[in-house]
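Peer 1: Below are the chains, spelled out letter by letter.
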Amino acid sequence: MERRDFLEALHHTSRGLRGYFTAPGRRWLTSIVAGHMEPAVDGRSERLLDIDRIYEVLCYFALLHELRRNVQLIYHPGRGTTGFRLPYGPANKGNFCHFRFTSNGETYDVCNGTAIPVEDPDEPKEHPDISLQSMESLASPDEPGELIAVWDAKHHHHGPLTKPDINQMFFWCSVFRLMPYVSGDILDRVFPDHFKVSGIITNAMGTPPYRRPLLKAGFSIVVNFDGVGSGSAPVPSRVEHIAHAARQSQPEPSPV
Amino acid sequence: MTNYFAAERSLVAGETVEVKLRLFSPRPDEGDRLIVFKRDDEGAITFVGTSEVLSATDRDVREEGEVIRFRTLSFASESVFDEPRTLALLAGSLQKVYRFLDPERHFARPIVKLDFDDYQAIEQNIIATYRTVFRYLFSSLPLPIQAEFVRLHIEQYPHSASRIVSNYRDLAGPLIKFVDGRVAPMLRLLTQVGDLKTEELGEGIPSVHDLYLGTEASAVEKTGSSVSNIAIGRAGIEAANFLRRSRFLNTDVDDMTSLLSEALEQLATATESERPWNDAIF
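Those protein sequences? They're chains A and B, same order as listed.
Residues 1268 to 1523 (our numbering) are what the first sequence spells out, left to right.
Residues 1362 to 1643 (our numbering) are what the second sequence spells out, left to right.
Everything labelled a hint here was simulated from the structure, so no lab data went into it.
To be clear about the criterion: a stretch of chain A counts as covered by chain B if any three or more of its residues have a C-beta under 8 Å from a C-beta of chain B, and this derived list gives those stretches:
1) 1276-1285
2) 1327-1341
3) 1356-1365
Taking CB as the label site, the calculated pair distances span:
4) A:1518 / B:1535: 51 to 61 Å
5) B:1485 / A:1474: 45 to 55 Å
6) B:1374 / A:1270: 25 to 35 Å
7) A:1319 / B:1514: 17 to 27 Å
Some chain A residues flagged as far from chain B (calculated, every beta-carbon gap over 10 Å):
8) 1389
9) 1415
10) 1444
11) 1500
12) 1505
13) 1510
In this text, a Cβ means the ideal position worked out from N, Cα and C, and glycines have one as well.
Chain B with its partners taken away, still in its complex shape:
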């Protein structure tokens, strides 16, 4: 049976390479196929071609009472892809990946096992658009906001009783609308609050930094009150500072809105049916 792997180009480029086989090490064997990848200075991964294991020879070494196996591998010369494809592009299309925003963590070792579907996805550049859009966006949200989305859309989760997500067709669109309808406008309005010059309204009026929303109970500071004041002014200032200072989208929340509507258009033209997935909800 053929097995599949991804291997770093520097490994494959040489004539032979010797790898130490630890307990859970990948064990490429003669006839196994490889995706070749390269890693740049920032650690970003690009898939550049394929290869094959031509031969695998083992030797055992006794060290401190233990037997350690070394395997010498030789590879076919690399068959280069017409177009190299980045992991950032393909991460959402690989079953192996669950750290969608740091997918290089799944390719940290020089040789990594792949299942056949993942190998084929990389070799043939098969993009799973629904899963990719959903998972990239979902992974960007903190857990309480993810939980809120799941709570509101539990009906759209196929097989939610088994807590496995196999299909993203009914999830990707709703998530975009959730982010666009809740997160983006909230950030925009909070930014406007942060920009209020309340101290200019008159004498003795505090700056917006000290503006709160609260309840009657928090007003009279009842002990045992479970509700505290919301520092809406500070939230607003933070939102304004973030949007001004960060490289996030380079401009402002309106750009996020247009990226999200681009996402909806991309989904509308995503006709491919994806393979069934085996993902946890979170």
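Looking at chain A on its own, in the form it has when it is part of the complex:
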């Protein structure tokens, strides 16, 4: 583009952008973009609202929209007057909304960002971005149920996923005991393709270079996920996870 045309276009565009932010009622929008949200008062969390959190919310609703085709979703509002509320830092289930469904007579909750105890009850709870919990053994919807699967939503502005991006999921797979994948399980029957295994959901592009570590850990990576439902198939696939698990449970052939 000619420099002169570009600068005149930039001038025009900048005036428009200024008009957008100065319109009445935009103050909190400005704060969101500026990142000036105060840290949570509980002291544990200093997570400020950022682009990642918005992407996580989108992935949560993308999953729910797909689930709705197969099951009926029951809405559980959080406490207080603004019940349609999700946490913006790690939080406890009861204070925030979640969605429940029943399949084959069993009850499940799908939660966003709320606490799940790890295998060792003395260690701190974790707060996966999206979790699927079985609620059979519990009377109260406010307590976390038995964990079936987790998903980590990762927003990336440029480039492919990096190692630090996938470490969180490795950690969760090591501290949680996730349900092994079996043909005909709840993920298989009811969940959309991108969520048929626990995994990282990201808008980043490019084929993940890791396969064996993911098979060992039991999760996959979904790339090119735009936040509303389109993206690449999980890698490794569910079939590969099941095959890997089957190989692991076979005894080592003895040397001849």
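Assemble chain B onto chain A, guided by the hints.
Peer 2: Just chain B now, kept in the frame of chain A:
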């Protein structure tokens, strides 16, 4: 010593013109050089040529005990630029301008003083690309977002201790990346939130208008809690409405992204070194 001014064409076009010299009025004198500009119906300014003051004659008038000076000026015939150049193009290249998105405010009067460097910038169409890109974009952002950029990039501000910005070479690129990395994706994702049809998920589920992000404290509505719920649904709806309705870029945030990457390319080919500036940070 020669002084420099910008003057409206209608003033210069006549044979002579008489101006009232108030306390801070510009005082063009014989031999001073002028940039000639015209103002269109919307107030936009275009620089069209140069001229010179041929003569300046004063007369004093006594009015209500005060002496008022009137100066009669005559101008050389206008030497027209091959290419007229708009103020929108040159605003970032003039030291005089600090209202970068409303630069015509600096040329509101019929005659305006210029320093030599600004006169030369207009006459020779010298574009200061770094300053222009930085200041247009920076001026579009509200103060809290400007402050966030400054906070994150204080290292790139030359002479930040003196609070004067003299050089934009290390600021323009980072600002583009900041807007592109923070503002554009945020608007895009917020728009997607605004478009969520949450009420279709099932019975009794509110529309996204009522979706909030909050803390434990705001959940139980503790008094004295300093943190309030974020109306993320409403923010999303606003973002979606804005992008749909406004003339801003005519289409959507992807166009802003391409304008910003165009900006990065323009900066890569901006080889000229700019004169030292004397600007406040904000």
